[in-house]
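Number of protein chains: 2
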Amino acid sequence: MNNRSKPNAVVVDTAHSDHATLQPVPVSSVRLHDDFWAPRLETIRTTTIPTQYELLESTGRLDNFRRAAGNLKQPFQGLVFNDSDVYKWLEAAAWALAAADDPALSQAVDTTIELIAAAQHADGYLNTYFSLDRASERWSNLRDLHELYCAGHLFQAAVAHVRATGHRTLLDVATRFADLICDTFGPGDDQQHGVPGHPEIEMALVELARATGEQRYLKQAAYFLDARGRGLIGGSAYHQDHAPLREQDRLVGHAVRAAYLCAGATDLYAETGEPELGRALDRLWRRMLNRQMYITGGLGPRHQGEAMGADFELPNARAYAETCAGIANAMWAWRMLQIEGAPTHADVMERALYNAVLPGISLDGTAYFYVNPLATDGAPEPGGKIYQRQPWFPCACCPPNVARTLATLPGFLYSVSSDTVWIHHYAASQADLRLGDGRSIQLLQRTRYPWDGQITVEVLTPGTFALNVRIPGWCATEPEQLRPTVNVNSIPCPGEVAPGQYVELRRTWAVGDSVCLHLPMPVQRVSTHPYALENSGRVALMRGPLLYCLEQVDHPGVDLRDVILPDSVPLSATYRPHSLNGIEVIEGSAAVAPVEMGWQESLYRTATSTPTVRRALDIVAIPYFAWANREVGAMQVWLRRG
Amino acid sequence: MNNRSKPNAVVVDTAHSDHATLQPVPVSSVRLHDDFWAPRLETIRTTTIPTQYELLESTGRLDNFRRAAGNLKQPFQGLVFNDSDVYKWLEAAAWALAAADDPALSQAVDTTIELIAAAQHADGYLNTYFSLDRASERWSNLRDLHELYCAGHLFQAAVAHVRATGHRTLLDVATRFADLICDTFGPGDDQQHGVPGHPEIEMALVELARATGEQRYLKQAAYFLDARGRGLIGGSAYHQDHAPLREQDRLVGHAVRAAYLCAGATDLYAETGEPELGRALDRLWRRMLNRQMYITGGLGPRHQGEAMGADFELPNARAYAETCAGIANAMWAWRMLQIEGAPTHADVMERALYNAVLPGISLDGTAYFYVNPLATDGAPEPGGKIYQRQPWFPCACCPPNVARTLATLPGFLYSVSSDTVWIHHYAASQADLRLGDGRSIQLLQRTRYPWDGQITVEVLTPGTFALNVRIPGWCATEPEQLRPTVNVNSIPCPGEVAPGQYVELRRTWAVGDSVCLHLPMPVQRVSTHPYALENSGRVALMRGPLLYCLEQVDHPGVDLRDVILPDSVPLSATYRPHSLNGIEVIEGSAAVAPVEMGWQESLYRTATSTPTVRRALDIVAIPYFAWANREVGAMQVWLRRG
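Residue numbers (the working numbering), protein chains in the order written: chain E, 259 to 900; chain R, 259 to 900.
The shape of chain E in the complex, shown without the other chains (with noise of 0.2 Å):
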């Protein structure tokens, strides 16, 4: 598949890298054929994609091209950092071309590439924004400018692309722009010193490097993140630039800036190993998970510079998580999980993937959210705004950005080691896997995951090998009929089967041989920190890694603030095939209790004991990430417990 066009560079199709356990494997390498993702990464291919490449274009951001190539005389359209959707949709596109052939889109990546590729400068430089008229105004700004930003998007692309096709066209030019990113910027007297506002290019350029096996993509991208909290660009925790990132305690300032930091840095610690490092992520890490992170996997509550929050401060209905944030989040769990195969960082990706990234595209996959709200009353936002999907936005990036996310889901489902492989998410699928020893492994997933538990992993090439089977974080202890369970060929697995951990089934296999997962999914009533005050006295309905809400138009009449959940009430799962593309709801009888009519006219008053008065309600609560696809309106993560 690899049509190496130089003899001087390697391209390899996987992040290979020297210092993690786990290696990931190549999106191709597995093809789903589930009733969850597979159907909506087809509707990434040949809805969002294409309509996606038809806003490239009708918003000027291919035009953008062809003027820097000369092609057109008018002025740069839009936002400055408008070429990194058209590198983001390329990415997507690549990877989408990595699981189905689908020549109109390869018609349109080549296309693409070719409008890049004209649009460069013979030095290597290539900005939209900075050609022509601001072409000596290179460099000026890197704070604000996402000069290196674009960059990065740009050298992901061309390592997806180069993975997906074997095509070296868009590479080339990659790494003609990080040749002389690499001459530019650097610590030497004859360099300019000098950090992105917005990291990006630092994951990028490790994966050039693993791409291409020039350790100079790596030396730069180490550069970037130890020049970074210096001061080079102002020192604000918005840029990321308030304080080294090995001395930091904890993510502050943009959430989407911080997280894309603290992936490109895991990537450089995946190569390196460097102790300190290593030490200042796994800090942030627990931080982030154990005081920041929405339920969802999300980040960054504040509207205020889009930032993150003080610890516990998650507000719903004034939640910003922005689902480029809780894709960020997925791709730093995702980098820390291939340093050792800790099971927590498979949790949080997981939690994110389906609870923070899938909310951010509708199911007919042409809108997107920017802002991620847990709840909402349906009014309009003090503005005039309403929450509701849009197909496109100004600073459009979030929509190309899901759209890269889901179209690498295959390669997310494993990693391999030396002789093992890890089977972090499930989903009904075949894999052809090359273990670290060279060997290829076969595997074929059969599951109705996320829906049901039950999972049977079949192996289809014989050897001894391990199998690390994962028992996500969300499996109940008790009781203990509601315990996971893993067999192998009918045989209980020796031990306990914790969840949140990773069972190692070393053996000889036969063809034919099977592991079944049981991993019941009874609904569960999930409370926060009592420091989390919006949360206080309230439960989050889960089943199985899938968060749920309530939605007003399946409660019309009712307040959905007023509902009350009591936690005695018995709540069931069904599945409903033709409701919004087939899932399971929750149901159960709750109650409901209208504020009192002396609080129409108060908003304080003297506390009393009076007992609400309630009426039974049937509630039926469906995923998070599917809300909004019906009517705008109400919607509520939380329920009083009551």
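Derived by calculation from the structure, the hints in this document are not laboratory data. Honestly, I wouldn't trust all of these hints.
No distinction is drawn between identical chains; accordingly, a pair holds when it is met within one copy or between any pair of copies.
[Stated by the list, open to error] Within a straight-line C-alpha distance of at most 25 Å, the following computed DMTMM-like cross-link-like pairs (lysine to aspartate or glutamate) qualify: (1) Lys643 with Glu571; (2) Lys643 with Asp507; (3) Lys643 with Asp321; (4) Lys643 with Asp771.
None of these values were measured; they are calculated from a predicted model.
Dock chain R against the given chain E, drawing on the hints supplied.
Here is chain R on its own, set in the frame of chain E:
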């Protein structure tokens, strides 16, 4: 007292309005001699105003006037609206001079007015930013550059100055500038169509019309109100240009701008009595009161855009609640109160004065809060800031705004109508008031308010007139013995004395007659509307008009977030003369329930009903206005009922 140098304009010493039932009284007509306000106003005059004067000098704000007058060759210093700080300071100084002789301050005022007058252009224009090299840019950006805002503060200072001192020096400057503004802006074909990006001049022009009798200033204020919300400055809610005020249904956008606009519109309504405007103001007021106001009387929960929030959006630790927005609410309430003497307006004004304005300044009068959280864990904000009053700010709107508001306080105790004295606020003081019918009435208030609800109003002038005494809305209705009572010469007032009303005492008074109000001040637990999620299951402690809070320094070793206050625990108030300049503290036996160990390493988990382990904790609550005057540390207003 009125040293009128020009015969062509009348200067009246109060804001007498044509369509308002109540008329304010001069600041100088009330002499405070209580233990609460009088020492504070003394601190304002002897410490705050002098230190702010030094800061106006050291930060270049006065130099900007010297520069504009051609007496200093240097660039303009600071922010475009820095002139307004000088004007607000002047207003504070003027009101302080109305209350006390202070030759040094009088001299500083005169010197400052000379500086200002010297900077005025020949045509009346006055703004030091738009002088010299920027003179040609006048009125080029009404949305952002605050020219009309600064003009408004000049006019308010001028009115304060003439009312306090009788000198027209500043008033003459103001009217010359106001005349230019009236010539420049309006609906005429030869006029510029525009409105200010920051409301303020509306109030000021109405007041200038009241002080001078010039109706064109009133017309100009009406123009600025009527032209707003029609897109002349871009249509943003932040700038209050999203819709005409008469069509709005709630406050949105920048909180200070919104409430200043309403205050100005109320001033206009007081002059015109226009029914549509009155209905709009009433509608906006009710929504604010019942859905948007902090228990402090503060407004504007959002850091993003310093903005009003959605209904019930009242975060505590993440409150913005700018000091100026609390001031603006008090200003608006005061103006609404004059319309017809509705007690709700006096209640809000009292709430805001004690709990939103007063916290803005340190007890020693030298440091200020800009942002007013209702809780903090004492940790620095992400970004590094900690909640602590500061001696000044680059954008220093709040410090002189607090000073001018508190300096006006003697004028807030009473209003008059033709044959009635309205008593709004209680403080030991002597008043010499002039009724609408021209009679002089002298009254003496004896009370320890706000620490005690026993108030005696002694009538020192014989005659037939009414005293309308306010029964605050915070008074209790039960039990019986805690109901408010009113006696005249020891005879109980007939009929029910309900909280939230003015009791009219109309009779023929003899010298020495006395009214005794008994407003019992039990410690009250106050709860919030159930939709305000952060306060769910919590109470705040109030006593009389004062909100209370817990501070870390009084509870060493306790995480205040763990404090639980059972409903059954009795709470008592004790006066501590040596604490925080003398305060009533609230004490009781509460409990502390430290967060269980399991939460240390998790943010979400399966909901359980495990009872928490509690230990007894004696709590001491202090008035919220006094917090952060000892050590920097945690603070909490809302306590778990548990």
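Results of checking the hints against the structure:
1. When the C-alpha separation of Lys643 and Glu571 is checked against a cutoff of 25 Å, the pair qualifies both within a copy, at 23 Å, and between copies, at 16 Å.
2. In this assembly of identical chains, the alpha carbons of Lys643 and Asp507 lie at most 25 Å apart only when taken from different copies (15 Å versus 36 Å within one copy).
3. Within a single copy, Lys643 and Asp321 get their C-alpha atoms no closer than 30 Å, and across copies no closer than 45 Å, so neither meets the 25 Å cut-off.
4. In this homomeric assembly, Lys643 and Asp771 never come within 25 Å of each other (Cα to Cα): the closest approach is 55 Å inside a single copy and 60 Å across copies.
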